[in-house]
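The residues making up each chain are set out below.
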Amino acid sequence: MPLIEVQDLVKEFQRPRQKNGRFSAFRTLVSREYDVVRAVDGISFSVDAGEVVGYIGPNGAGKSTTIKLLTGVLEPTSGSVHVAGSAPSRNRRENAQRIGAVFGHRSQLWWDLPLVESMKLLAALYDVDPKAYRSQLAYLDQVLGLDEILPTPVRQLSLGQRMRGDLAAAFLHQPSVLYLDEPTIGLDVHAKDRVCGFIEQVSQERRATIVLTTHDLADIERLCDRVILIDRGTVAFDGPVKELKASYASERVLKVRYEAGGSDELTLGQPLASGTVVSAAPGEVSLRLPAIASAVPTALSEIGRLGHIVDLSIEETSLEEVIKQVYSARRAAAR
Amino acid sequence: MRTARTAWILERAAIRAQMQYKANFISMTLLGIIYQASAFSFVAIVMYNSGVIGGWVFEEICFLYGLRLLAHSLSILPLSHLWTLDSMVREAEFDRYLLRPMSPFLQFLTSKFQMSAAGDLLVASIILGYAFPRVDIDFSPATVTFLMAGVAGGALVEASIQVAVASLVFRTLNTMSFRIFVDTIFNLTGNYPLTIFSGFVQSFLIAIPISFVAYFPAVVALGKEGELNVPLWVAFLTLPIGLLFSLCAAMTWKSQMRHYQSAGH
Ligand SMILES: Nc1ncnc2c1ncn2[C@@H]1O[C@H](COP(=O)(O)OP(=O)(O)O)[C@@H](O)[C@H]1O
Ligand SMILES: [Mg+2]
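Heads up: the protein sequence lines correspond to chains B and P, in order.
Count the first sequence with my numbering and you get residues 19 to 353, in order.
Count the second sequence with my numbering and you get residues 3 to 267, in order.
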């Protein structure tokens with residue numbers, strides 16, 4: 019049975035129409051006028067234990083709302099979420115022991131106290147025994163370089179350090195599931211690498227199940243076996259990263275340098291082998307080809323006739339490009 | 003049991019965090035003293051001119067006023083940061099309490115500690131210190147127990163109403179005007195004998211139930227039962243009513259918290 023099961027999940031937010039003027043708060047309270055925002059609109063998926071799933075989509079697609087439904091912060095409007103067989107929002111305490119959550123926008127640490135105090139307080143909250151506490155802290159130091167920042171008050175930590183602190187805090191009680199909502203947001207390359215390293219390590223060494231949202235597709239390619247692409251509260255794609263690329267990235271670009279000798283100049287837009295020329299200069303050509311195995315050798319032998327091949331490279335369509343294509347295809351279909 | 007221990011660990015951490023802002027502590031305390039002392043001196047001046055209000059002499063008024071201020075101080079002691087709930091809910095800081103294995107209310111209660119009650123407590127002690135030797139009360143163990151139960155019940159009543167009102171934030175996202183409204187009603191009416199109000203207002207104050215906070219305990223302790231317009235046993239109900247109100251506040255909190263919507267991001 020999957021660890022996380024999401025069925026026809028819907029979450030609507032009611033925004034009471036704000037009243038102005040005298041007793042505005044009171045009139046807002048008794049008023050029955052709402053604007054309804056459907057942030058999650060019928061999402062289903064399941065996640066097996068040990069999977070690392072990237073949950074991606076543009077701003078406002080409903081990623082954070084889904085994470086809040088998965089963690090039990092919010093109750094579904096309809097549909098269901100089950101984690102290890104129980105509904106998180108109905109069994110908050112039981113669920114809390116099983117999960118760790120980090121929201122990149124919002125620290126959960128004790129702002130005015132040294133980081134180590136947050137760790138101690140969380141150990142008390144989650145009833146972590148002293149021995150497990152020590153060994154987990156040692157592990158977190160090894161993975162996140164925690165020791166150097168433990169004595170620092172949280173409000174004095176840099177964003178990268180704070181994020182390491184938040185990750186450590188979320189993992190202190192050894193949860194089997196980690197929900198990470200934009201854990202790399204705003205971080206520099208080095209800090210980002212550290213966060214990714216942590217995710218890799220806890221996934222491999224502790225077999226943690228991880229659901230990750232991010233805007234950085236490099237993170238996704240590095241970390242996730244599987245992506246769920248969401249769009250306006252619905253699932254646009256669910257599957258391995260490779261499959262996503264294969265099904266949408268139907269083309270790639272072959273770039274070749276050759277010893278130009280003959281007079282056969284290539285021109286832009288000219289068909290060549292199974293593709294078309296997208297840029298051409300003396301001794302240099304870029305060719306857009308269908309992403310099938312035979313296309314490259316055929317094209318190379320054609321170009322080889324123009325002159326001896328010196329160098330070549332193949333550019334896969336970037337994940338970003340692929341995702342753009344998914345969305346524009348969906349927009350076109352919706353019209 | 004473990005919950006109580008954990009709550010105490012969290013509360014101590016909140017106190018340690020607050021200790022970093024000593025200047026703030028001192029100014030909050032001073033503010034409390036100035037606010038409560040000036041409110042009281044207004045009463046003292048009125049009394050000085052009239053001598054008696056509602057059949058109560060100055061010392062008796064001091065006794066009543068001190069009891070009510072003591073209950074008030076105790077009610078805000080653990081809840082001095084109740085006003086921060088508004089922004090916590092609006093800015094979704096409240097999320098964290100729903101992610102951890104402990105009651106969200108207890109986590110909120112122990113999230114901060116502000117000593118803004120210190121000034122109120124000090125003024126209450128001075129007023130009571132003045133009144134105790136001057137009022138005609140035999141401080142027998144029974145009377146002392148009765149008064150302590152009254153103060154505890156009064157504190158519970160006030161704290162419960164404040165919590166219930168604050169919990170409306172889960173739906174309204176702003177409760178400041180409500181809370182100030184409640185606080186004002188308590189301050190305007192809770193410190194005086196019921197006899198100075200008209201009949202309708204009297205019933206209202208018994209119903210909401212400000213009269214239970216300090217007035218009924220004071221009436222019983224001072225032996226002024228004659229002026230009651232309710233059966234005598236009603237005046238003994240402060241503590242049970244405090245407990246009942248706590249229960250209602252807990253239920254209100256629970257039902258309102260279900261409306262929590264977090265915030266975007
Ligand atoms: N607490 C809330 N109240 C009202 N609307 C919300 C709330 N949270 C999110 N939304 C709305 O729901 C949609 C999805 O938001 P969110 O899940 O935060 O998107 P994402 O994380 O993918 O950027 C947005 O239109 C957002 O404005
Ligand atoms: Mg988000």
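It is possible that some hints are incorrect.
Sample of chain P residues with no beta-carbon within 10 Å of chain B, all distances over it, derived [to be verified]:
1. I11
2. L12
3. Q20
4. I36
5. S89
6. L100
7. L101
8. M104
9. S179
10. S205
11. P211
12. L234
13. L245
Label-pair ranges, simulated between beta-carbon atoms [to be verified]:
14. B:R152 x P:T5: 56 to 66 Å
15. B:G215 x P:F183: 48 to 58 Å
16. B:D147 x P:I17: 42 to 52 Å
17. P:F199 x B:D26: 29 to 39 Å
By construction, these hints were calculated from the structure, which means they are not laboratory data.
Owing to the predicted nature of the structure, the values given are computational and were not obtained by experimental measurement.
Ideal placement from N, C-alpha and C gives every residue a C-beta, glycine not left out.
Hint check results:
The non-interface label for I11 (chain P) is inconsistent with chain B: the shortest C-beta to C-beta separation is roughly 5 Å, within 10 Å. Listed as outside the interface, L12 (chain P) is inconsistent with that label: its C-beta sits roughly 6 Å from the nearest C-beta of chain B, within the 10 Å cut-off. With a minimum CB-CB distance of about 8 Å to chain B, Q20 (chain P) fails to clear the 10 Å threshold, and the non-interface call is violated. Against the 10 Å criterion, I36 (chain P) stays outside the reach of chain B, whose nearest CB is about 27 Å from its own CB.
Every CB of chain B is more than 10 Å from the CB of S89 (chain P) (nearest about 13 Å), matching its label as outside the interface. Distance to chain B contradicts L100 (chain P) as a non-interface residue, since its nearest Cβ pair spans about 5 Å, not more than 10 Å. Consistency note on L101 (chain P): stated as away from chain B, yet its beta-carbon is not over 10 Å from all of that chain's, at 5 Å minimum. Interface exclusion of M104 (chain P) from chain B breaks down, the closest Cβ pair being 6 Å apart, not more than 10 Å.
For S179 (chain P), the shortest C-beta to C-beta distance to chain B comes to about 5 Å, within the 10 Å cut-off, and the non-interface label is violated. Chain B leaves S205 (chain P) outside its interface by the beta-carbon criterion, the shortest separation being 23 Å against a cut-off of 10 Å. Taking the minimum C-beta to C-beta distance to chain B, about 22 Å, the non-interface status of P211 (chain P) holds against the 10 Å cut. With a minimum CB-CB distance of about 38 Å to chain B, L234 (chain P) clears the 10 Å threshold, and the non-interface call stands.
For L245 (chain P), the non-interface assignment is confirmed: its Cβ lies about 25 Å from the closest Cβ of chain B, beyond the 10 Å cut-off. At about 24 Å, the CB distance of R152 (chain B) to T5 (chain P) disagrees with the hint of 56 to 66 Å. Taking the beta carbon of each, G215 (chain B) and F183 (chain P) are about 54 Å apart, inside 48 to 58 Å as hinted. For D147 (chain B) paired with I17 (chain P), a C-beta distance near 25 Å fails the hint of 42 to 52 Å.
About 58 Å separates the C-beta atoms of F199 (chain P) and D26 (chain B), a value inconsistent with the hinted range of 29 to 39 Å.
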